[in-house]
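Protein chains in written order, with our numbering: chain A, 4 to 228; chain B, 656 to 1150.
Since the hints were derived computationally from the structure, they do not count as laboratory data.
Among these hints, one or two may not hold up.
Sample of chain A residues at the chain B side, in silico, Cβ under 7 angstroms [stated by the list, open to error]:
#	residue
1	I130
2	A182
3	A192
4	L223
In this text, a Cβ means the ideal position worked out from N, Cα and C, and glycines have one as well.
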Amino acid sequence: MFHLAAGAPNVFDGSANTIAVIVLLLEFGMLRAALLRAQIQLYAVQSLAVSVLAGVVAGGRGIPELFALAALSFLLKAVIVPMVVLRLLRDAHADIAGSGALGVASEVVLSIVVAAFGYFSFASLGITSSALPTTALSLSAAVVLVAFVLMILRRDVVSQAVGFFSLENGISMASLVVAAGMPLILEVAFLFDLLVAVIVFGVLMRVHHGQSQSLSTANLDRLRG
Amino acid sequence: MLIVAILALPLAMTLASAFLPRRAAASGTVVVGVVSFALALLLVPEVLRGTIHVAGYLRADAISMVFVLATSFLYALCSIYSVGYFSHRTRAVRAAGVGTAEPFNRYSRLFYLGFNAFAWSMLCAPLVDGFAVLWVAIEITTVVSALLVALDRTDHATEAAWKYVLIASSGLGIALFATILLYYAGAQTIGNSYDLAFEPLLHAAHHLPVVPVQLAFVLAVVGFGTKVGLFPVHTWLPDAHAEAPTPISVLLSGALLATSFYAIIRYFQVAVAAIGPQLPRTVMLVFGVLSVLLAALYLFGQRNIKRMLAYSSVEHMGILAIALSFGAPIAMIGMLLHVLAHAAAKGAAFMGAGVLTQAFGTKELDGMREAMGRLRWTAPLFLIAIFTLCALPPFGVFRSEFDIVAGGIFSGSGIAAAVCVVLVTIAFFGLALTTTRILFEPSSKEWSPTRREPSGWMVLPMAIALSAVLLIGVHPPADLVDLLHQGAAEMSELP
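So here's chain A without its partners, still in its complex pose:
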């Protein structure tokens, strides 16, 4: 690695940061997508971006285990999870997400504020790593927070589940920055756990749909106090 000029990012840092920004933009895309199908496709693309980032780190920093992780996470998060959820959608005959608790514009403004908060607070912590530039960590904090906004404001089970899955994407990206050298077995255990969680989310979405004939969570307000 050689620097072109003092302070300017090199090709590796530049491409890593670009991918990280793409991940955050896709999170915003999910937030405002009106079609559930589009939302899931955006999630698949986001997972692809995170897998590519893992591949970039693997190649650029010489950590061959990360190639295996990149392949596994691509298979699981960009192929299997979207397929499971899309199949559920097909069975449920529902296309359009119910309206969120806020309008799209307010949601996006709120998310920009939240994302900026996450970005700058993590940037100020001084956590540096040799694997990726700190910018990627700050961006992943922003992704996690926007995923929370998505889960909180959307009122259908599919969007909420996708919000949780993309939250996990944000954490995967953070782990590429601060835990790139983590033993592969642990990373695989995390991924396997995600797979189990996806199955359970799928089952519960089906149960919910079977019970209420809709994917909306608007009627899930009977348990109080």
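Mind docking chain B on chain A? Use the hints.
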């Protein structure tokens, strides 16, 4: 070897439950539950001789043993209780004839499959070595128990399960963030290829960078605290406890919450060793006091018996958090004893609530009256269980809370200890008022002949649980005392 057996048996039973017929699964589960508890008891003397390591991935010390004992005890009791819980349905199915048998068999198979898997995952969590595997184990407890909460397929159960899986998974997402930050902190001193095992991290704690550890600790408290039921991330808890089948409510309340608290204890140990006690203690105190306060207020005017007990769980988890914040050895002994005493007492209370719910056909407290005259065994036992939960002497909860408060005064947190006592007293009034009303207040409705004790299988485990909590209150066995002292020593020793 005992550790491996404790984990292998429930796992084998889980797999077997998928194939075995209903009756065989039920009796097999009872055998496995009781044997697991016996194995846990046998493991205690071994742990007293020193921390056990198996194959690099399993580890048992005095602290983890306390949680294994609590979980396996409730596993054994719930397996017995489940026999009674299903007996009236079995009779109903037999009376109704062929058509209803198939759905019931399916329900029962799913129940035993999930029940054993749930117990297995909760036994795994305290016995695995390392923060990463611990997170995986706790995530498995979440997904298994979420399915069990949804098992009854009512609208309410579905709603509770969805809220539970979404909120708890998001919480665990935060806990995963904490895990990788802790890995980052450790990697700075230990190097990249370590697997987050407890001991290397504790030994290196002095050299860990401060900011990542602070961040990891706070995120872990929020993340795992979601599953513990600490305010303000407790919102799934009353719903899930109220809507799950009663044996599952027992495990959720007595074992699962404590198991998640175990994860916080581990982070607390590393954080105290790395950054000193100030921040970790303050964080635990704030979460603890707020949780007890919220629970004490919500205990007044509850209308649903299981929700009432769920808020009592929030209260007791708050007490555990406060105990952890005190830090004095006596408070640590009290905290570990409280895990056991709460498991037994809350187990008995939920089992009693399950009988009341079945006998009166409703979870609403308004529908239950004059229980004392109708349920000759359950009603007095339920009353004793509630008094136990309110920390009346001579029961174990009194002893543990006494130790905790004494530890608070000893460690110079007299005000926090006093606040804790006041809030616990408020909670006592809430619980006691509601309970005495349903037990003693005369009913305006006609006497119905169906309102009898549903099954002796449901009374027996309550009696055992209350005897156990009485025993540890009056005269705890010597080995248990040693275990608690050793656990407190592990908490206070700095490498």
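Right, here's what the structure says about each hint:
no. : hint : in the structure
1   : I130 : holds, 6 angstroms
2   : A182 : holds, 4 angstroms
3   : A192 : holds, 5 angstroms
4   : L223 : holds, 4 angstroms
Violated hints: none; the structure is consistent with every hint.
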